[in-house]
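Quick mapping for you: the protein sequence lines, in order, are chains Z and U.
Residue numbering for the first sequence follows the numbering used here, beginning at 19 and increasing consecutively.
Residue numbering for the second sequence follows the numbering used here, beginning at 263 and increasing consecutively.
Everything labelled a hint here was simulated from the structure, so no lab data went into it.
The beta-carbon is built from N, C-alpha and C at its ideal position, and this holds for glycine as well.
There could be a bad hint or two in this list.
Example chain Z residues on the side facing chain U (calculated, C-beta under 8 Å, incomplete) [unchecked claim]: (1) Thr-23; (2) Tyr-49; (3) Leu-63; (4) Tyr-66; (5) Gly-71; (6) Ile-72; (7) Gly-76; (8) Pro-79; (9) Tyr-82; (10) Asn-112; (11) Asn-115; (12) Glu-116; (13) Gly-120; (14) Gly-122; (15) Leu-125.
Some chain U residues well away from chain Z (every beta-carbon gap over 10 Å; in silico) [what the hints assert, rightly or not]: (16) Gly-277; (17) Ser-289; (18) Gln-306; (19) Lys-318; (20) Leu-323; (21) Asn-328; (22) Ala-347; (23) Ser-354.
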Amino acid sequence: NAGVTQTPKFQVLKTGQSMTLQCAQDMNHEYMSWYRQDPGMGLRLIHYSVGAGITDQGEVPNGYNVSRSTTEDFPLRLLSAAPSQTSVYFCASNQNNEQFFGPGTRLTVL
Amino acid sequence: GEDVEQSLFLSVREGDSSVINCTYTDSSSTYLYWYKQEPGAGLQLLTYIFSNMDMKQDQRLTVLLNKKDKHLSLRIADTQTGDSAIYFCAESVMNDYKLSFGAGTTVTVRA
Chain Z
19 NAGVTQTPKF QVLKTGQSMT LQCAQDMNHE YMSWYRQDPG MGLRLIHYSV GAGITDQGEV
79 PNGYNVSRST TEDFPLRLLS AAPSQTSVYF CASNQNNEQF FGPGTRLTVL
Chain U
263 GEDVEQSLFL SVREGDSSVI NCTYTDSSST YLYWYKQEPG AGLQLLTYIF SNMDMKQDQR
323 LTVLLNKKDK HLSLRIADTQ TGDSAIYFCA ESVMNDYKLS FGAGTTVTVR A
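Model the full assembly from the supplied sequences, consistent with the hints where possible.
Next up, the structure:
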């Protein structure tokens, strides 16, 4: 199993640009989530999904959209990037209360 | 997050034991986790403890849970240079997979 994969690893955007961060898992986990990591703040939940077709907001959802058309994929969309969205983004999937994290995407918004 | 607190830094000599502390506020917390993050990498689950336990040992790692004080600790025996990393404490509630994380403790192992 590849586990949880994320692309790209690094991305630089200009303010106002849009992009999609990709996340996929091959473990057939129903639950997936997106977190952002900022210095001194740990990880904060952006959006999560308990299964295909179902998504919900986490702690910091503003400026982000998600969809879950398949069990495997859970993309995160930034509609109009802002410098405050400069962060490291982690995708995770969960089974039996064990959460598995992807390697992260480091995003810089200029 | 605000619900989970950790000290930010810990420096330890190689070969000594490290103890990382964490406090949480949610009395309904069911699972408490320790994650390790090495530079430039994702989070690796080290261990977790269910709230009806007060101790769990796994090789060099010992987790202690004081549910009354809402205090969790991770002890690393015989700390090695490869243990230098950020350690995150996290909690979740039964059947709710959302995790609340502490800010992370940066552990530096010196020779």
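Can we keep the Leu-125 of chain Z interface hint, with Cβ of chain U closer than 8 Å? Leu-125 of chain Z check fails; min Cβ-Cβ to chain U is 14 Å, beyond 8 Å.
Per the CB criterion, is Asn-115 of chain Z less than 8 Å away from chain U? With Cβ-Cβ at 5 Å, under 8 Å, it holds.
Find the nearest Cβ of chain Z to the Cβ of Gln-306 of chain U and say whether that gap is larger than 10 Å. violated (8 Å)
Can we confirm that no CB of chain Z comes within 10 Å of the CB of Gly-277 of chain U? holds (29 Å)
Check on Ala-347 of chain U being off the interface with chain Z, judged by Cβ distance over 10 Å: holds (14 Å)
Classify the hint on Gly-76 of chain Z as holds or violated, based on whether any CB of chain U lies nearer than 8 Å to its CB. holds (7 Å)
Verify the interface restraint on Tyr-49 of chain Z: the C-beta must sit less than 8 Å from at least one C-beta of chain U. With a minimum Cβ separation of about 5 Å from chain U (threshold 8 Å), the hint on Tyr-49 of chain Z holds.
Tell me if the interface restraint on Tyr-66 of chain Z is satisfied: Cβ within less than 8 Å of some Cβ in chain U. holds (6 Å)
Measuring from the C-beta of Leu-63 of chain Z to each C-beta in chain U, is the shortest one below 8 Å? This interface hint holds because 6 Å falls under the 8 Å limit.
Is the interface hint for Glu-116 of chain Z satisfied, with its Cβ closer than 8 Å to some Cβ of chain U? holds (6 Å)
Can the hint on Thr-23 of chain Z be confirmed by a CB-to-CB distance to chain U that is less than 8 Å? Violated, because the Cβ-Cβ distance from Thr-23 of chain Z to chain U comes to roughly 11 Å (cut-off 8 Å).
Does the closest beta carbon of chain U sit nearer than 8 Å to the beta carbon of Tyr-82 of chain Z? Violated. Min distance 16 Å.
When held up to the earlier numbered hints, the structure conflicts with 1, 5, 6, 8, 9, 15, 18, 23 and fits the remainder.
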